[in-house]
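What follows is each chain in one-letter form.
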Amino acid sequence: MEPSFDWKRTFEQLAPQLVLYARQLVDSKSDAEDVVQMAFVRWWRRFPQGDNNHIPLLYAAVRTIALDQRRSDTRRVNREAKSDIAVAGENAPSFDPQPGQQEIAEIVQHALQALPQEQREVVTLKLWGDLTFNEIAAMTGESINTIAGRYRYALQAMQRKLAPLKADLLGETSTPGPNILPFSSPQEALP
Amino acid sequence: MNHDPNDTHLENLLRGLAPTAASPALTQRVDEELKLDMSWIGSATKPRRATRWLGSATWASLGAAAAVAVMSFLPQPTPNTTLATTPAVLPVATIREWEDVQNDGIHYSAERLPEQHMTVISRERQTWIDPRDGAQMTVEYPRQQKLVLPVSFQ
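Residue numbers (the working numbering), protein chains in the order written: chain A, 4 to 194; chain B, 1328 to 1481.
Here chain B stands alone, though its shape is the one from the complex:
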């Protein structure tokens, strides 16, 4: 596309300049990262397929809550203990977003002490990366927590 001899001369002049070599520190960092990959792959006894489950159900509904409860009790073909000892994926992020906080009022315990009851509704998103192929897995699920906070009256 470029046949101008002047441009060709300039191009040759510019191409004749070699970019600065990468710093040894950069090479070292890449080396460490790739070695880490290999250590994970070497320790993994069984490839684990990515399970991508993006919940779109409304967490506030009873149906979603029931689904989460049911899924938490489903038998796992590969126990989590195997994954913990021989990880094939690397957790890279866990994000929990609070979506609502409900004040459930003050209740009295069996010892007749006042307690502030709160309900925290949040959505937790966990991301893993499979170093063998760079695949990224994200699991997102709703959480609902009941908090009991001590109260002191003035």
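Next comes chain A alone, as it looks inside the complex:
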């Protein structure tokens, strides 16, 4: 029973987003990679064809394993034991910016870290995991309105974080006009 599909191709496509998502749920990059390893292997055993329709289940597996890991005392002890690695991985960049995106990548990473975990989770799944609100709601057990609201709040918060820094990015220091930012002030209305 040889696998008829190349898992590596699937893994290379999905792993960056999975690790990014796992990092929103656990303390360090090394823990996030442990979670992704377990989740992907488990998912591939179940769906060796790598069907795209089952990708939300892969994210769900990442979530379940990450939450289990957080609860586990054993994992906590392990994390403390390898604290040097964990601390080193903590500051590892979450994004791989193209030329010219370096500063914005750092700002976005900090803005993302400043969000409450529930919002961080939703915005990561939506923007980089490319999941729908329905899929995220099913995965987290929340209503779609709750998920949409979290996403909206997260975007507003990130917009607030990014807006003042955007002027620096563009080299503008004095009285920025209304068109200086690529996006304007956040809207307060929620869906």
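Quick caveat, the hints were computed from the structure, so don't treat them as lab data. Worth double-checking, as some hints may not be accurate.
As the list claims (entries may be wrong) - Stretch-level coverage of chain B by chain A, calculated; a stretch enters the list once three of its residues show a Cβ under 8 angstroms from a Cβ in chain A:
| no. | stretch |
| --- | --- |
| 1 | 1337 to 1349 |
| 2 | 1352 to 1360 |
| 3 | 1457 to 1469 |
What the hints assert, rightly or not - Mimicking SDA-like on lysine to any residue, the simulated pairs with C-alpha atoms at most 20 angstroms apart in a straight line are:
| no. | chain 1 | residue 1 | chain 2 | residue 2 |
| --- | --- | --- | --- | --- |
| 4 | B | K1362 | B | A1352 |
| 5 | A | K164 | B | E1426 |
| 6 | B | K1473 | B | P1418 |
| 7 | B | K1473 | B | H1434 |
| 8 | B | K1362 | A | K164 |
| 9 | A | K11 | B | T1347 |
| 10 | A | K164 | B | N1339 |
| 11 | A | K11 | B | L1363 |
| 12 | A | K11 | B | P1346 |
| 13 | B | K1362 | A | Q52 |
| 14 | B | K1473 | B | V1419 |
| 15 | B | K1473 | A | Q52 |
| 16 | B | K1362 | A | W10 |
Backbone N, C-alpha and C fix where the C-beta goes; we use that ideal spot for every residue, glycine too.
Fit chain B to the known structure of chain A by using the hints.
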């Protein structure tokens, strides 16, 4: 659901940032784990169905003890030796929980040496995973052991 052009602009900005690629070490670990799966599957000559037997009987009772004894002597359709040489499942955990220890007192052996007799009652739980489909099998059964410990009197 989100049609605000400002939000769309921000979303596009954020989506334009690619997450960091997975480390080569992570890919290597996944590779090793999946290869291990394939080696088990390749070496397995016959699929083995999961036998799930969760004992709920009271281990302390004679009935449970008798059931365990009988089951241990039941003929196995697939001998354990086949499983040992061509494993289709991977043992992942063996847990033994001590539930009671009874002091049966001091007895004297044939050589008239004192021995402390103890009875240890425990429950053993073994878990396997089938790498082909991730199915997990757990077998739980009671154990009762008689221990004889040497005793020295002061």
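Verification of the supplied hints:
1. 1337 to 1349: holds (count 12)
2. 1352 to 1360: holds (count 7)
3. 1457 to 1469: holds (count 4)
4. B:K1362 with B:A1352: 15 angstroms, holds
5. A:K164 with B:E1426: 57 angstroms, violated
6. B:K1473 with B:P1418: Between B:K1473 and B:P1418 the Cα gap is close to 27 angstroms, so the pair fails against 20 angstroms, i.e. violated.
7. B:K1473 with B:H1434: Holds, at roughly 13 angstroms.
8. B:K1362 with A:K164: Judged against 20 angstroms, a Cα distance of about 45 angstroms means the pair is violated.
9. A:K11 with B:T1347: 17 angstroms, holds
10. A:K164 with B:N1339: 16 angstroms, holds
11. A:K11 with B:L1363: 15 angstroms, holds
12. A:K11 with B:P1346: 18 angstroms, holds
13. B:K1362 with A:Q52: 16 angstroms, holds
14. B:K1473 with B:V1419: 28 angstroms, violated
15. B:K1473 with A:Q52: 52 angstroms, violated
16. B:K1362 with A:W10: 11 angstroms, holds
Going down the numbered hints, you'll see the structure goes against 5, 6, 8, 14, 15, while the others check out.
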